[in-house]
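A.B. asks: Spelled out, the chains give:
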Amino acid sequence: MKAPHFAIPSRATWLPYLGLPLLVALLLPPVRHAAESSMTAHMLVQYAGLLLAGGLLASLLPVRWQQGLQRWNELGIAGLVGSALTLAVSMVPRVLDLALLDWRVESLKLLALVLSGAALRLSWRPAGIVVQAFFLGNVLPMMGVVGTLYQDWDTRVCNAYRLDDQHDLGLALVWIALSVAIAWLLQLGLQRREPAPILPTGAPDAPAGTTETLRSTTPSAGKA
Amino acid sequence: MLRTTLLSLGLALLSYLGASWLTEGFQVWTAEGARRLTVIDRPMAAPAVNIAGPDVTRRRLSDWLASDGRVTIVDFIYTRCHSVCSALGSGFQQLQQAIAANPSEGVRLLSISFDPAHDDAARLRQYASQLRADPRQWRFVTVPDHAELQRLLDAFQVVVIPDGLGGYEHNAALLVVDQRGRLVRIFDYTELDAALAYALALVPRRAAG
Numbered sequence: 374m375k376a377p378h379f380a381i382p383s384r385a386t387w388l389p390y391l392g393l394p395l396l397v398a399l400l401l402p403p404v405r406h407a408a409e410s411s412m413t414a415h416m417l418v419q420y421a422g423l424l425l426a427g428g429l430l431a432s433l434l435p436v437r438w439q440q441g442l443q444r445w446n447e448l449g450i451a452g453l454v455g456s457a458l459t460l461a462v463s464m465v466p467r468v469l470d471l472a473l474l475d476w477r478v479e480s481l482k483l484l485a486l487v488l489s490g491a492a493l494r495l496s497w498r499p500a501g502i503v504v505q506a507f508f509l510g511n512v513l514p515m516m517g518v519v520g521t522l523y524q525d526w527d528t529r530v531c532n533a534y535r536l537d538d539q540h541d542l543g544l545a546l547v548w549i550a551l552s553v554a555i556a557w558l559l560q561l562g563l564q565r566r567e568p569a570p571i572l573p574t575g576a577p578d579a580p581a582g583t584t585e586t587l588r589s590t591t592p593s594a595g596k597a
Numbered sequence: 010m011l012r013t014t015l016l017s018l019g020l021a022l023l024s025y026l027g028a029s030w031l032t033e034g035f036q037v038w039t040a041e042g043a044r045r046l047t048v049i050d051r052p053m054a055a056p057a058v059n060i061a062g063p064d065v066t067r068r069r070l071s072d073w074l075a076s077d078g079r080v081t082i083v084d085f086i087y088t089r090c091h092s093v094c095s096a097l098g099s100g101f102q103q104l105q106q107a108i109a110a111n112p113s114e115g116v117r118l119l120s121i122s123f124d125p126a127h128d129d130a131a132r133l134r135q136y137a138s139q140l141r142a143d144p145r146q147w148r149f150v151t152v153p154d155h156a157e158l159q160r161l162l163d164a165f166q167v168v169v170i171p172d173g174l175g176g177y178e179h180n181a182a183l184l185v186v187d188q189r190g191r192l193v194r195i196f197d198y199t200e201l202d203a204a205l206a207y208a209l210a211l212v213p214r215r216a217a218g
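If you're matching them up, the sequences are chains U and R in order. Under this note's numbering, the first residue of the first sequence carries the number 374, and numbering increases by one thereafter. Under this note's numbering, the first residue of the second sequence carries the number 10, and numbering increases by one thereafter.
The hints are simulated quantities; they were obtained by calculation from the structure and are not laboratory data. Since the structure is predicted, the reported quantities are computational estimates derived from the model, not experimental observations. No false leads were slipped in.
Pairwise CB distance ranges, derived in the manner of DEER restraints:
(1) U:VAL518 / R:ARG160: 35 to 45 Å
(2) R:ARG12 / U:GLN560: 23 to 33 Å
(3) R:SER95 / U:LEU388: 47 to 57 Å
(4) R:TRP30 / U:PRO435: 31 to 41 Å
(5) U:LEU388 / R:ALA28: 27 to 37 Å
With the Cβ distance kept under 7 Å, some of the chain R side facing chain U (calculated, not the full set):
(6) MET10
(7) LEU20
(8) GLU41
Each residue gets a CB set at the ideal place from its N, CA and C atoms; glycine is no exception.
All chains should be built: construct the whole structure from the sequences, respecting the hints.
C.D. replies: Next comes the structure, spelled out in structure tokens:
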């Protein structure tokens, strides 16, 4: 095996190699049980860790694979749709309870979150500002609403977790949603100063929707 | 773009099916909701675990519940509890009054302690008198054997977790058990009237006179 090429250049090239150890660590039964012993850790440590591990692993994919996937994921739309829906489903309180009891739910949850992390990594840059905004516009308000509900309810939404734990998680979700929104807007402001294309996919001159350039090298007869 | 659209639609369909499976067709969002729904669809027979308490010596719960033709409203408690169990206790006091007003109506109450280490018969007797429970309508038991207790909690999906202060948090509710000893309906512990009305509706109408 020669050194693989990275489609997404990374300042620290060793960083993606942490993806596998991170994933293995999160899946180790003692770590998994510790992370799932609290509702807050379940979402903020385990969910977040799995997303991160998936993202790191995705950047190790060979360029050709990434390009192949890109054909099914123009503007990152499929990836972002998939991860937004996965995040929505994973925040259903029953999922947290069931994951502790039913190995099928637990396995699907772990797999879906790793894949979502990978999808986010592969889709984020191709998405461009508009699709990113659409994704965040769905996911962040959802997190905010879920967080607010978790805080406001004096009934436990998870039988396996304590009420104070639920309130902590609710508060944290609201703060995370706000922080991500602010961070995205800030980087948007910084990015706008540089000559970055708004939709950085395919050929810069190609109109939206004609990103066949990855496959065909010969220009097709341009019938407008 | 066609492939991206197809994949997006496929993922949306997959998520829809997954969410539908996890929420019983978008009816429930919590495990507690699912538990209550499951019981309505499939009544759950009480397991044959040994119970003990004041004036109830080592009998099987299933037999006790099916013993005298009355519908039983069950709650799970521990006597050291000062939060939700107190609410359950005063709720059961109200139910007891309502039942005592018409003793022929065929409903009784049972409080099951999930803390047998502390709640022996003597402690339960003391707790019962504290709550002015009338043994004709309201009994207190525990399941002394830990494995059996867990079997009961699993069957009725009662989840008990340490509250970090030496006590427990648990999904407190009113469990209606029919004359055959099957858990048929679960109500919020605030829904006293609904639980009693439901229990009364299970009692067969006796021929007048």
